[in-house]
Amino acid sequence: MSDTKMTMTQKILAHAAGLEKAAPGQLIMAKLDLVMGNDITSPVAMNAFEKAGCKSVFDKDKIALIMDHFVPNKDIKAAQQAKQCREFAARFDITNFYDVGKMGIEHALIPEAGLCAPGECIIGADSHTCTYGAVGAFSTGVGSTDMCYGMTTGKLWFKVPSALKIELKGRLPKWSAAKDIILHLIGMIGVDGALYRSLEFCGDGVAALSMEDRLCICNMAIEAGAKNGIFPVDDICRKYIAERTDRKYTEFSADEDAAYDKHIIIELDKIKPTVSFPHLPSNTKTFDEIGDIKIDQCVIGSCTNGRIEDMRAAAEILSGRQVADGVRCIVIPATQKVYLQMINEGITQALVNAGCVVSTPTCGPCLGGYMGILAENERCVSTTNRNFVGRMGHTKSEVYLASPYVAAASAVTGRLSCPQDII
Amino acid sequence: MKADGKAIKYGNNVDTDVIIPARYLNTSDPQELAAHCMEDIDKDFHQKMHTGDLIVAQANFGCGSSREHAPMAIKATGVSCVIAKTFARIFYRNAINIGLPIIECAEAADGIEDGDRVTVDFDTGVITNVTKNETYQGQPFPEFLINIINSSGLLNTL
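First to last, the protein sequences are chains X and U. For the first sequence, counting from 1, position 355 maps to 518 in our numbering; every step adds exactly one. For the second sequence, counting from 1, position 44 maps to 437 in our numbering; every step adds exactly one.
Bound conformation, chain X alone (with noise of 0.2 Å):
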């Protein structure tokens, strides 16, 4: 029958919520193999906690907490909002809890730690949580609320998602990348393009991506206002997680007859490299038709290019040259194990001989908390995932989002630039 059919992420919904079949539109009650909060969100889901009165947590193995966005402190109410995280989690004995030291931007750390594994369902109080549908599970942002209800009781409620099949078709020329990929799509169908609607990926071209592309992918998934991205489980899924953890998963596929709302092809050959311009992800523009643009300041990390990948890449473009007088080029990479391979690798010490600076994790500049703020009329190409009115800065600033070659080759030219320009 039809009906029966399902999408890769219907079929993890209805697993989670002990159901046989799982329908667009229908409400379900899923358990949740983790719940995970920042240092923003996680203490209005404690306040939210001692108000209702909870006394204990589902699982102190499955609630993760990770300080970052304004770690280390970067003021006195950051440094109460961090402390209050420290102490819930001592107070009830959390064992994912990740503090300065340790912490890494938490859409980068989960998926490295291997706290996350194909099939499971998994909701995070921070928007890019959606990146994990990489290694093939469901995983979608939420409140602090819904976050206190999951830590409380293991479960939260989700309304079935139909979804969107992008199938991806060769591969990627040399000097594009994964980024280019999902600005391109989010340009086609625009930023509430998948609005309430899992984004499916699948096609020959997965093969081609590696896990930091596919999981800079699913991270702006809800750039295009999905509820989640979802890659299909392969060898290069399993050997990652294998490297990971040895925690036991299901693997789940989608039907190859399930309905989908829309199929949507795209040529990877043909993906040139690609920026958003402000005031939105969805305003992108490829070279041909970007002008001269004078910049201000580069940003390469973030939990959409903050992987060692992507560090790569900046070095590539950057060792031997030099960024351009009257730029900054910020440097942040997104875990502390990305920090330490940098060092090991010599792409540290090309980046600062490139004169660039190189930070500690932190999602910082990318939503305008610290490391990096724009003044009034000041341009920033960066490889964050938002570019909004004041997201980095002063309402008259403005955000290009782009691929670490594209930043990297834009802090040596001081104007928007693709690597072709100068390699």
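Derived from the structure by calculation, the hints contain no laboratory data. Ideal placement from N, C-alpha and C gives every residue a C-beta, glycine not left out. Mixed in with the good hints there might be a few duds.
Label-pair ranges, simulated between beta-carbon atoms [what the hints assert, rightly or not]:
1) X/Leu182 / U/Asn540: 19 to 27 Å
2) X/Thr558 / U/Lys441: 17 to 25 Å
3) U/Glu536 / X/Glu213: 27 to 35 Å
4) U/Asn549 / X/Gln247: 20 to 28 Å
With the hints as your guide, set chain U onto chain X.
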């Protein structure tokens, strides 16, 4: 339950960064957040806004970050209801979870103009534009969500 007030109108894709900029996320105090609500999209919001007024917007209201501070800030300003063509899904959940009344209605989003007096009947989903003498039928909530709303938020269902 009813809302009754003046409409303050916005466009498409009102994101959580303009509803409450991240530079203020070093607190979760509703009154502190309310003081900065909408300041990056509308500097005059607090002058225009009187307790009970409504925000009326186009598609994808609340897109971007998952910060619950966004509906918290709006609620604490005294806004009685947000009407939009569509809401970004995390904002939609958050608003219901903390008891900020929201309603999806494309006709109302198009028909209501800035400054119109609007009432909303949450039991029936009927939105009335008193100024223009028009009514629009909002999208009713499923029963599951009505239970959360009637409990004044998700945590009261625990």
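Against the structure, the hints:
About 20 Å separates the C-beta atoms of X/Leu182 and U/Asn540, a value consistent with the hinted range of 19 to 27 Å. A hinted range of 17 to 25 Å for the beta carbons of X/Thr558 and U/Lys441 is consistent with their spacing of about 18 Å. The hint said 27 to 35 Å for the Cβ distance between U/Glu536 and X/Glu213, and at roughly 30 Å that hint holds. A beta carbon spacing of about 23 Å between U/Asn549 and X/Gln247 agrees with the range 20 to 28 Å that was offered as a hint.
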